[in-house]
Amino acid sequence: MAPSTHPVITTLEVCRISPPDGTVNENSLPLTYFDILWLPFRPLSRVSFYDFPHSTAYFTQNVVPALKTSLSLVLKHFSPLAGNLVTPSNINSDTTLQVCYLNGDSVSLTIAECASESYYHLTGNQARDVDDLCRFVPQLPSGVPSGDSEEDCITVPVLAIQVTIFPNNGISVGFTNSHVVADGSTMFNFTQAWASIARQFMCGQKDGDKTEEFSGSSSYLKQLPFYDRSVIKDPKNLYNIFRKAIGEHLEELKQLHNHQVSTKKVQATFVINQADIQALKKSVSAKLPTLSHVSSFTVVCSYLWTCIAKTRVATEDNEHKTDEKMHFSCMMNCRSRLNPPISTTYFGNCIVASIANAKRTQLEGDEGLFTAAQLLGNEIHKNLNNSDMWFGNMKGIGTGEFVVGIAGSPRFDYYNCMDFGWGKPKKFEFVSEPLSISRCKDTEGDLEIGVCLSHEQMLAFSSIIHNGITDLCL
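Residue 436 in this note's numbering sits at position 436 of the sequence shown; the count goes up by one each step and never skips.
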């Protein structure tokens, strides 16, 4: 049952965590054309909830010190996340855009407490107020002017973390990071590495050993980042092309992406099981036998695209929107697709969007799934087989047109790789993202779909997504 009031958060401590003294040299990473595309976008937030049947006193005495120490140790290897994004006040200047780590830089870590009764409501799949979930992820501090260069620059932290105890019930670990600095793969590797060190440290504490770094044989070594920016070739001068284009419309683009943030929305999780996924694939393959790309990811995204279109039909004034353009965007990891391929642990952004475009009337009818699958499948196929197409489809989006993107990936196993020492998460969430996708916590092959909509839209969407597959298979 939902709590009668919004969760009340009490801040117990706000601290700054740096890499261990003397372990990291000052460094900087210039942005690439993969990074600069994310300048207009708001930060991305994630939160994991864990069962934890212990008191606040036990948490502060035993868990918090281990989290602080392990975070410091992992930042030795991921030092840019303790640094700052440095951009010129005038984006069109010649000043290098970069991520800088200087001695003394740190990550903000908030330790907080919340009433226990909120835990079970927050970790359910039912619709919950987005504003409630936002209380468990930190906000990145605002940028401040930097006087260290010849030109005025803005310095912005790139990562903040919040750990919240629900006494005798659970713990949440929330992250907010700048997408300019790290894509989902980089953040997954960082979180997995931190969890690996923390887990071993917690086990070491139980055995009386509170100092071992666990550096030699730890599994976290598999996630250590690769920093060489020279592997990102730019023969077509995409960096300067994108920088100029973004500079001309930066404020307009920021407003476009920031307007999606609303405390008047609710967030719910829907599970699409393996049987439903196979039914979708079977239907699409039967209708479109020559379609080049029919993966589980493609058909699920296509189905979600049609559900969103039908939801807009059911909940909006549609008199003048029959020809509304609807764009669907999903991301593709390019690390293995560059020539030559680069390390899977490359630090930064190395993803591109496959963007399919359709009129809403093409998606809302009986043939909507097949139209969506063909359009999205073709876009993904083009990106997989032709790097020259990677950024071309971004030009097809007009000002004010509807765009929905899906965050996350079934490749990232958030549930089985994020054990900090008290078991795998009970619930993982992208916070305030219109759509997100991840592996299911319970059954291999099932997918969890996070959806963030207005209350009215969520009621319609819930009915549409549950009934759609059944109707399709009749």
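Calculated directly from the structure, the hints in this document are not laboratory data.
All values reported here derive from a predicted model rather than from experimental measurement.
No residue lacks a Cβ here, since even glycine has one placed at the ideal position from N, Cα and C.
Hints should not be assumed to be uniformly reliable.
Derived SDA-like pairs (lysine to any residue); straight-line CA-CA distance at most 20 Å [unchecked claim]:
1. K426 with G22
2. K382 with S296
3. K76 with P225
4. K382 with M331
5. K424 with C440
6. K424 with N169
7. K426 with A245
So the derived label-pair ranges between C-beta atoms look like this [stated by the list, open to error]:
8. Q61 with S116: 12 to 20 Å
9. S336 with P145: 34 to 42 Å
10. H6 with T361: 22 to 30 Å
11. P141 with D234: 58 to 66 Å
12. N273 with S343: 16 to 24 Å
13. G423 with S93: 14 to 22 Å
14. K282 with R229: 43 to 51 Å
15. P141 with T345: 24 to 32 Å
16. S93 with T470: 51 to 59 Å
17. V144 with S454: 31 to 39 Å
18. Q61 with A275: 19 to 27 Å
19. Q61 with N27: 30 to 38 Å
Verification of the supplied hints:
Distance restraint check for K426 and G22: the Cα-Cα separation of roughly 37 Å exceeds the 20 Å cut-off, and the hinted pair is therefore not satisfied. The suggested pairing of K382 with S296 holds, with an alpha-carbon distance near 17 Å, which does not exceed 20 Å. This hinted pair checks out: K76 and P225 have alpha carbons roughly 11 Å apart, not beyond 20 Å. Between K382 and M331, the direct Cα distance comes to roughly 13 Å. Compliance with the 20 Å bound is thereby established for this hinted pair.
Distance hint between K424 and C440 is fulfilled; the C-alpha atoms sit about 12 Å from each other, no more than 20 Å. Of the supplied pair hints, the one linking K424 and N169 holds, its CA atoms being roughly 14 Å apart against a limit of 20 Å. Between K426 and A245 the CA atoms are separated by roughly 43 Å; this puts the pair beyond 20 Å, and the hint is violated. For the pair Q61 and S116, the supplied restraint of 12 to 20 Å holds, since their beta-carbon distance comes to about 19 Å.
The supplied range of 34 to 42 Å is met by S336 and P145, whose beta-carbon atoms lie about 40 Å from each other. For H6 and T361, the hinted distance range of 22 to 30 Å is not satisfied, since their beta carbons lie about 40 Å from each other. Restraint check, P141 to D234: a C-beta distance of roughly 31 Å breaks the suggested window 58 to 66 Å. A beta carbon spacing of about 34 Å between N273 and S343 contradicts the range 16 to 24 Å that was offered as a hint.
Checked against the hint of 14 to 22 Å, the C-beta distance between G423 and S93 comes to roughly 50 Å, which is inconsistent with it. At about 44 Å, the CB distance of K282 to R229 agrees with the hint of 43 to 51 Å. Checking the proposed 24 to 32 Å range against P141 and T345 shows it holds: the Cβ atoms sit about 28 Å from each other. Roughly 57 Å separates the CB atoms of S93 and T470, a value that falls within the hinted 51 to 59 Å.
Between V144 and S454 the Cβ separation comes to about 35 Å, which falls inside the hinted range of 31 to 39 Å. As the Cβ distance of Q61 to A275 is approximately 47 Å, the hint placing it in 19 to 27 Å is violated. Between Q61 and N27 the beta carbons are some 35 Å apart, a value that agrees with the proposed interval 30 to 38 Å.
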